[in-house]
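Asks: Each chain, letter by letter, is given below.
There are 10 protein chains.
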Amino acid sequence: MADTKILDFFDNPNGTDGSAHPFVIEHINEEFTSVCPVTGHPDFGTIILRYIPDKTCVELKSLKLYYQDFRNEGIYYEAVTNKIAKDLNDAMSPVWLQVETQWKGRGGIRSNITVEFGKKP
Amino acid sequence: MADTKILDFFDNPNGTDGSAHPFVIEHINEEFTSVCPVTGHPDFGTIILRYIPDKTCVELKSLKLYYQDFRNEGIYYEAVTNKIAKDLNDAMSPVWLQVETQWKGRGGIRSNITVEFGKKP
Amino acid sequence: MADTKILDFFDNPNGTDGSAHPFVIEHINEEFTSVCPVTGHPDFGTIILRYIPDKTCVELKSLKLYYQDFRNEGIYYEAVTNKIAKDLNDAMSPVWLQVETQWKGRGGIRSNITVEFGKKP
Amino acid sequence: MADTKILDFFDNPNGTDGSAHPFVIEHINEEFTSVCPVTGHPDFGTIILRYIPDKTCVELKSLKLYYQDFRNEGIYYEAVTNKIAKDLNDAMSPVWLQVETQWKGRGGIRSNITVEFGKKP
Amino acid sequence: MADTKILDFFDNPNGTDGSAHPFVIEHINEEFTSVCPVTGHPDFGTIILRYIPDKTCVELKSLKLYYQDFRNEGIYYEAVTNKIAKDLNDAMSPVWLQVETQWKGRGGIRSNITVEFGKKP
Amino acid sequence: MADTKILDFFDNPNGTDGSAHPFVIEHINEEFTSVCPVTGHPDFGTIILRYIPDKTCVELKSLKLYYQDFRNEGIYYEAVTNKIAKDLNDAMSPVWLQVETQWKGRGGIRSNITVEFGKKP
Amino acid sequence: MADTKILDFFDNPNGTDGSAHPFVIEHINEEFTSVCPVTGHPDFGTIILRYIPDKTCVELKSLKLYYQDFRNEGIYYEAVTNKIAKDLNDAMSPVWLQVETQWKGRGGIRSNITVEFGKKP
Amino acid sequence: MADTKILDFFDNPNGTDGSAHPFVIEHINEEFTSVCPVTGHPDFGTIILRYIPDKTCVELKSLKLYYQDFRNEGIYYEAVTNKIAKDLNDAMSPVWLQVETQWKGRGGIRSNITVEFGKKP
Amino acid sequence: MADTKILDFFDNPNGTDGSAHPFVIEHINEEFTSVCPVTGHPDFGTIILRYIPDKTCVELKSLKLYYQDFRNEGIYYEAVTNKIAKDLNDAMSPVWLQVETQWKGRGGIRSNITVEFGKKP
Amino acid sequence: MADTKILDFFDNPNGTDGSAHPFVIEHINEEFTSVCPVTGHPDFGTIILRYIPDKTCVELKSLKLYYQDFRNEGIYYEAVTNKIAKDLNDAMSPVWLQVETQWKGRGGIRSNITVEFGKKP
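Residue numbers (our numbering), protein chains in the order written: chain A, 1 to 121; chain B, 1 to 121; chain C, 1 to 121; chain D, 1 to 121; chain E, 1 to 121; chain F, 1 to 121; chain G, 1 to 121; chain H, 1 to 121; chain I, 1 to 121; chain J, 1 to 121.
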């Protein structure tokens, strides 16, 4: 299972003392795949991470490797979205964080899941 | 007529004691069809279910079968939208729930109906 | 001139005692035509009706016939939009009603007109 | 199973002695549904009929009813496309006829099938 | 019924002796309406005229008025397309002429009709 | 320079005593051109006028002629947007008025300017 | 490595004696993934199979499983496209077959590969 | 009236002895405007020049100035298209040349004109 | 490194005493490129500047040259966005300013960064 | 100036004796930039390489580096397109090769250039 130990972080370029001028970062990964825990068939989706950093930002290449670690994991849409949001929120303690997942259709139904921590100012 | 007994539910992955971290689930079914109760001709539409779960979530395959049970029912746009929203709200008691239906044109007029229970926080 | 006597109505499926659970209905007619009162040339547009019903809803086929009665009427964009909104508002006394008209270009200028009665809750 | 007896025809407006000036007719039905013979789940698709009439043309409303008769039939993509093309070709003996079907995805794979009788001049 | 007497023509700007350098003219009218001869309901469509002029070209404003004369005529898709193509071909004797009509849906089926005179070089 | 004397106005169809039921009018002119005062090269843009009339509305053909008077004027994006908004606001004293201009790119940069008078209720 | 033994086939519904009326089948899989043999990073693409069957057609679910077997294989764009085309051509001996692959970008460059067996009549 | 004296040319980079390796150049000007000779109202269009050079190519900035010289000229769609094509063909003697003009609608009708010299190999 | 000394400014056309009628200016540069400080590979993006001027506005050509000075600079997405926003905010002291950058994908992940100074009234 | 020495090649996976089954490779680079030799301003474009390999194929990462070497070169649209096509054709001797470049607008005019070697079979 994907582990946040693979993630790297760098200092907020606006300062790390918690009083930095706020700004919004959005990373859109259109190449996410995991496996349906019931059928064993692959799921394909887009993962959108949006956050306002406090002291640290997530490094892009390590984020990509973290996402790739779900490739052969059997996990539900709802669970993977909550796990990614919680993992990144715990690791960065940002001012605000939102993870939105958009899944390709299964049996004619497409699903989107959104998890949010904190309030967007 | 479609019956909610066909629906399966699973526990909210964020917890079932009513204090779970809230998140939004959206299921988009672009392959809905029922029958016009007046003319007997088929109606085609998209059903969008959005909700914030409290203790339970609806299982996707059972939701699909519930929708398919309208296939040969004669029912008005307004009635089917209200029935689906009420059925799912009664069965799950979610924090918030919205059902939006988008219907292909009849006689040059397209229709959309939206029913909502609770307030989106 | 189009007359509301042609319109049929049916009871709000959520109840007719004024305390029905509110929902939004939208009917989009992309095949509207009337005549410019100055030049006599035809005007083409889309009429979007949105409302929250109180005790009654407008029947779709009668609405289409009501719209068709403008086909050979000479009437300005602003006047026809206000007339349709007022006609339907008077006939149904809905909780909220909005009529938006979108007109194809004349002399390089496209026009949209929006009239609203009540407040969308 | 859909039967061509339900189809009505009208005379080629350019003449019925076989020497009529040729022209192309295209009817696009975006609201086709049948049933998968294996899983029993509904299939949804678009049926595009293109032809150059010889002596007769198919009447539009009867064509719609013919298509609706597939609604609860279990039949494969390949079979239904060949049956519609053959039915209409046998019934009208047109100069040229093509039926293209475009199916919504199943298990991540979308399919299109094309059958043609005669040569487009 | 629309009559070609309303049409005006002007000389081919490349010369009128039949040896003019050929060029293609296309006029697209997205605001055509006539009436279904069976139901009496209005039909809406786009008329695309393409031609290579020989000695004369059709004047644009007169073409618009000619099209407007179909506004309250009851006439089938196939018939109106053939009539427009034949009218304009007879009146201009062009090197090549094509009329394509694209009709908004009726009962879920959209139709396109194409008539051609001569060969596009 | 374009002068508001060219503009014609007509009475608000909902009444002219200042208590008329409010509605929104939008006129979109996608064929605006003026000249860059520095380089002398033409500028091309779209002018969107939105307003809630008080006692008078601007007549569409006179608005078009007013816009055409900028054709050979050398004037900056910011200046022309403010001038049009101020001219129309002074001439009509509307409840609310907004002018948005959208300019095609120059040197790889596209610009949009928005001026507003009053508050949209 | 994906093996064609996983593929199932069914008889051409137009006949299996080689004289069947020809028709075109297209299967579009937008959820293909394999692995770059150099970097080990996942590749994502769309696989479009088009063919005119002779005696047999490929069964859709088995085709999906065959595609899924590339999920963790390290293989170049050019190689996987040629392998799929050759595998299916060898297994079905169709009248004509084409495989087109469309790959998401790597380092700012998107790639498409097309392999064809036989001539489309 | 626009004069070809304003045009600059440069040598075909593949050689000027008439045996240069052929290639196709396309210049798309989406900001063309002239004036209707009848109404005096401005016309707006796109001019697409495509050609295979022989010995010379047209310089881009001079082409832009040549097009700008039509800004206040009263000239018909058909005439301006033929003039531009003939002007450029006479000035460059290319292997092949095509000019396509696409005009915004007037009275609900959009027009496209295409003039070609030589054969595209 | 890009320096704000290259920037030119002009007076707010609505007045420079701080009480000017407010309006919004948006400049969209779809042709921005800088260099990744880690890999040395070029980054491509769109820079959107939006602001409400106080006493001065930035001149468009000088803004373009300022952006071009990043062409061969190695700088992170987050840093360049914050630098541009801070540079322009310091130089103009506007009522409100926002810089949004939208970057083409790297390794399957696209990024957008937004920095804002002041509150949009 | 970009030099083909930077390019790497690999063997045609279908064989290198000249009798390999033909297939088409397309590489689309939407992130190309060079410099206008006259103004010194950057040009941005898309480079599409299409070819049928004979004995060798170009390696994707080396192709990207070759393209990046034009970043600060002053070179005309026509020249860079012919150079890339000739460089790659000389280096690979493919059965067929085409290079198409699509350039963002300068002064309101967008340009596309296409160079081809050999005949597509």
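Hints in this document: simulated from the structure, not taken from any laboratory. Some hints could be false.
For lysine-lysine, the following DSS-like pairs were computed, each having C-alpha atoms within a straight-line distance of at most 27 Å [what the hints assert, rightly or not]:
id, chain 1, residue 1, chain 2, residue 2
1, H, K64, I, K61
2, F, K120, I, K61
3, E, K55, H, K83
4, A, K119, B, K86
5, D, K55, G, K120
6, I, K55, F, K104
7, J, K119, G, K119
8, G, K55, D, K119
9, J, K61, J, K86
10, D, K104, G, K64
Here are the computed distance ranges between Cβ atoms for each label pair [stated by the list, open to error]:
id, chain 1, residue 1, chain 2, residue 2, range
11, A, F9, B, E59, 34 to 42 Å
12, B, G18, I, E73, 48 to 56 Å
13, E, G40, D, S93, 27 to 35 Å
14, I, S93, F, D3, 44 to 52 Å
15, J, T4, B, E30, 20 to 28 Å
16, B, R110, J, L65, 45 to 53 Å
17, B, K120, F, D8, 23 to 31 Å
18, G, T4, H, F10, 33 to 41 Å
19, E, M1, D, C36, 43 to 51 Å
20, J, K119, I, E73, 29 to 37 Å
21, H, K61, I, S62, 42 to 50 Å
Only some residues are given here: those of chain D computed to face chain A with a beta carbon under 8 Å [unchecked claim]:
id, residue
22, K104
23, G105
24, G108
Ideal Cβ positions, reconstructed from N, Cα and C, are used throughout, including at glycine.
Asks: With reference to the structure, classify each hint as holding or not holding.
Replies: Do the hints match the structure? See the list:
1. A distance of roughly 20 Å separates the Cα atoms of H/K64 and I/K61; the hinted pair therefore holds under the 27 Å criterion.
2. Of the supplied pair hints, the one linking F/K120 and I/K61 is violated, its CA atoms being roughly 34 Å apart against a limit of 27 Å.
3. As the CA atoms of E/K55 and H/K83 are separated by approximately 18 Å, the hinted pair is consistent with the 27 Å bound.
4. Between A/K119 and B/K86 the CA atoms are separated by roughly 30 Å; this puts the pair beyond 27 Å, and the hint is violated.
5. Using a Cα cut-off of 27 Å, the hinted pair D/K55 and G/K120 is violated, with the two alpha carbons roughly 31 Å apart.
6. Taking the CA atoms of I/K55 and F/K104, the gap is about 26 Å. The hint holds against a cut of 27 Å.
7. Proximity of J/K119 to G/K119 is assessed by CA-CA distance (about 17 Å); at most 27 Å being required, the pair is judged to hold.
8. With a C-alpha separation of about 23 Å, the suggested pair G/K55 and D/K119 falls inside the 27 Å cut-off, and the hint holds.
9. Simply put, J/K61 and J/K86 have alpha-carbon atoms about 19 Å apart, close enough for the 27 Å limit, and the pair holds.
10. Between D/K104 and G/K64, the direct Cα distance comes to roughly 15 Å. Compliance with the 27 Å bound is thereby established for this hinted pair.
11. Remark: the range hint 34 to 42 Å for A/F9 to B/E59 is upheld by a beta-carbon distance near 37 Å.
12. Range check, B/G18 to I/E73: about 53 Å between beta-carbon atoms, so the 48 to 56 Å window is met.
13. Between E/G40 and D/S93 the CB atoms are about 32 Å apart, so this pair conforms to the stated range of 27 to 35 Å.
14. The hint said 44 to 52 Å for the Cβ distance between I/S93 and F/D3, and at roughly 36 Å that hint is violated.
15. In this structure the supplied range 20 to 28 Å is violated for J/T4 paired with B/E30, their Cβ-Cβ distance being about 49 Å.
16. At about 52 Å, the beta-carbon gap between B/R110 and J/L65 stays in the expected band of 45 to 53 Å.
17. Between B/K120 and F/D8, the C-beta spacing of about 47 Å breaks the proposed range 23 to 31 Å.
18. Between G/T4 and H/F10 the C-beta distance comes to about 57 Å, which lies outside the given range of 33 to 41 Å.
19. For E/M1 paired with D/C36, a C-beta distance near 50 Å keeps the hint of 43 to 51 Å intact.
20. With their beta carbons about 45 Å apart, J/K119 and I/E73 fall outside the hinted range of 29 to 37 Å.
21. Between H/K61 and I/S62 the C-beta distance comes to about 22 Å, which lies outside the given range of 42 to 50 Å.
22. Interface restraint check for D/K104: the shortest CB-CB distance to chain A comes to about 7 Å, inside 8 Å, so the restraint holds.
23. Checking D/G105 against chain A by beta carbon gives a least distance of about 6 Å; that is within 8 Å, so the hint holds.
24. A least Cβ separation of about 7 Å between D/G108 and chain A falls short of the 8 Å threshold, and the interface hint therefore holds.
The structure is inconsistent with the numbered hints 2, 4, 5, 14, 15, 17, 18, 20, 21, although it conforms to all the rest.
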